[in-house]
Amino acid sequence: MIFAVVLAGGVGSRMGNAEKPKQFLTIGGKPVLIHTIERFFVHPGFEKVIVPCVKEWKAYTSNLVEKYFPGQDRIVVIEGGSTRNETIMNAIDYIDQAGQLNEETIIVTHDSVRPFVTSRMIDDNIEAVKKYGACNTVTPATDTIVESQDGKVISNIPDRRQMFQGQTPQSFRAVTLKKAYESLTEEEKEILTDACKILVMKQVPVAMVLGEVYNIKITYPYDMRVAESLLKMTLE
Amino acid sequence: MLNTVYRLVAPRRIEVEFNEINVDQETLIVRPKYLSICNADQRYYQGNRPAEVFLNKLPMALIHECAGQVVYDPKGEYKPGTPVVVVPNTPTEEDALYGENYLPSAKFRGSGFDGFMQDTIASKRDRVIPLPTGIHPYVSAFTEFVSVGVHAIGRFDQIAHHKRDQIAVFGDGNLGYVVATLYHALHPEAEISVIGLNEDKLQNFTFAHGYLAHELPKDFAFDHGFECVGANGAEIAINQLIDHIRPEGTISLLGVSEQKSAINTRMVLEKGLRLFGSSRSGREDFLRVMEIYHKYPKVMSDLEQIVGTVIPVKNIDDMHRAFEADIHKSMGKTIMEWLV
Numbered sequence: 001m002i003f004a005v006v007l008a009g010g011v012g013s014r015m016g017n018a019e020k021p022k023q024f025l026t027i028g029g030k031p032v033l034i035h036t037i038e039r040f041f042v043h044p045g046f047e048k049v050i051v052p053c054v055k056e057w058k059a060y061t062s063n064l065v066e067k068y069f070p071g072q073d074r075i076v077v078i079e080g081g082s083t084r085n086e087t088i089m090n091a092i093d094y095i096d097q098a099g100q101l102n103e104e105t106i107i108v109t110h111d112s113v114r115p116f117v118t119s120r121m122i123d124d125n126i127e128a129v130k131k132y133g134a135c136n137t138v139t140p141a142t143d144t145i146v147e148s149q150d151g152k153v154i155s156n157i158p159d160r161r162q163m164f165q166g167q168t169p170q171s172f173r174a175v176t177l178k179k180a181y182e183s184l185t186e187e188e189k190e191i192l193t194d195a196c197k198i199l200v201m202k203q204v205p206v207a208m209v210l211g212e213v214y215n216i217k218i219t220y221p222y223d224m225r226v227a228e229s230l231l232k233m234t235l236e
Numbered sequence: 001m002l003n004t005v006y007r008l009v010a011p012r013r014i015e016v017e018f019n020e021i022n023v024d025q026e027t028l029i030v031r032p033k034y035l036s037i038c039n040a041d042q043r044y045y046q047g048n049r050p051a052e053v054f055l056n057k058l059p060m061a062l063i064h065e066c067a068g069q070v071v072y073d074p075k076g077e078y079k080p081g082t083p084v085v086v087v088p089n090t091p092t093e094e095d096a097l098y099g100e101n102y103l104p105s106a107k108f109r110g111s112g113f114d115g116f117m118q119d120t121i122a123s124k125r126d127r128v129i130p131l132p133t134g135i136h137p138y139v140s141a142f143t144e145f146v147s148v149g150v151h152a153i154g155r156f157d158q159i160a161h162h163k164r165d166q167i168a169v170f171g172d173g174n175l176g177y178v179v180a181t182l183y184h185a186l187h188p189e190a191e192i193s194v195i196g197l198n199e200d201k202l203q204n205f206t207f208a209h210g211y212l213a214h215e216l217p218k219d220f221a222f223d224h225g226f227e228c229v230g231a232n233g234a235e236i237a238i239n240q241l242i243d244h245i246r247p248e249g250t251i252s253l254l255g256v257s258e259q260k261s262a263i264n265t266r267m268v269l270e271k272g273l274r275l276f277g278s279s280r281s282g283r284e285d286f287l288r289v290m291e292i293y294h295k296y297p298k299v300m301s302d303l304e305q306i307v308g309t310v311i312p313v314k315n316i317d318d319m320h321r322a323f324e325a326d327i328h329k330s331m332g333k334t335i336m337e338w339l340v
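So the sequence lines, in the order shown, correspond to chains A and B.
Each residue of the first sequence is one higher than the one before, counting from 1 in this note's numbering.
Each residue of the second sequence is one higher than the one before, counting from 1 in this note's numbering.
Don't take each hint at face value.
To be verified - List of simulated lysine-lysine pairs, PhoX-like, C-alpha gap at most 25 angstroms: (1) B:K33 to A:K130; (2) A:K130 to B:K314; (3) A:K217 to A:K20; (4) A:K67 to B:K314; (5) B:K314 to A:K131; (6) B:K329 to B:K201; (7) A:K217 to B:K314.
Unchecked claim - Distance ranges between label pairs, derived from CB positions: (8) A:E147 to B:T92: 51 to 61 angstroms; (9) B:D24 to A:E147: 45 to 55 angstroms; (10) A:E104 to B:I316: 27 to 37 angstroms.
Source of the hints: derived by calculation from the structure; they are not laboratory data.
Note that the Cβ used here is the ideal one computed from N, Cα and C, for glycine as well.
Between the sequences and the hints, there should be enough to build the whole structure, so can you do that?
Structure below.
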């Protein structure tokens, strides 16, 4: 079984003076989170769409989901964890408690603030995770990436042709990810904030799926303006 | 729901844009799988339309021939994965007299509003036609093209007089092939002649007599004819039809031309001819195509002959590749396998 996990745990600390977490801000008159959930909800591959969110916003998120998807039981709002990975673990625990966790269970995790994800990216994620066990959506780096150990001088400039920028979806065989995460020390858990990185460290192959430059993460007020203008191009 | 749309913004320039789909009870969400390029798309793509047309219509997603799969049906009537085709004509009113494809208020995908070059298509329920099992996937892509032929033959059957022993189809391209194939299946007793410019193409019409347009015998005659030439050749073809058709015959005009055609009206009057036009098709024509595929399975295998290049499309560069390949083809329908 395949589950979508739309990560709505962010509190939007980078979003200027916005009063709500960024996933609740609206573009085209609809919350970003709802746009994102819709993409996964209409995809026929998913058993359920799990939406882990911050405890304080859980009731609000549930109300929003009920408003836009009245009577739907395919979307489940759960409480997220203190970190991104803890949040994913909560989603896996939910699947486990529902008696649907086994070696074949797949989760396609996605940032709730990336509403421009396409069917192709989702399809490619499902195909890649089935084949490799895990995958990360990426785009080739367009800017030169510069590495600095001390934040003052450049320590390395890697070959740009080998550099990619990570996006989501990130998809996993749920049991594999859970085992890898549970094998980490508390210290490692603090450092390893990216689920794919855990698997890479554990030498589990993580395939790359091609993303799109417009699969933007709405992080800064500028991104909201970009998202609004992308949508304003509509003719219908 | 945010939806990615690949719109033509200027000749040979396609850009990613987005629209918002409102999912209501009467809307189905369809994921395109195979898109077939039509000459009408090419006229937009290459910029072969008057400038005012571009000003009014672009940016717009092209393509009105599409087979896909239902991904979401809020009413649950269609299971996810159900193969379907979508009718591009979208009437906004009902009319007892006029056909849906002749209503000036009707919108048409890839002409009046966005065509099928989209991530997902939001379609009214009545515009979605389920595909029976066993339909060749590439042939299903150009169901709309076949339905145009079905529509024209249906009108012909109502209009033409009953002596229909010899039928002429002018045009040895895809449209001529579809019309001749359908007519032969529906009326196997009729003798069909196909008139074209290319000896090789004429060889494809194995069930018909082939004639080169510039070598038509003087005594060549037929009861009724179909003009499937269009563009610059339409005028010559229509006049040849008028010259060779027997009295009181009916000429069905199907070829689209940007130019006006000067035709020999004196001979139209003298022979008492009927000329009628057909354009596009509607839901009933799509259903009739499905009936024909079921009743005459050979039609589908015959139509497989015009499946041309199939191009996997994963990005905008691939879209350009498909359109450019289509320009250089000699015959056959170019299909985009929609993986974008």
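For this structure, which hints from the list above don't hold up? Violated: hint 4 alone.
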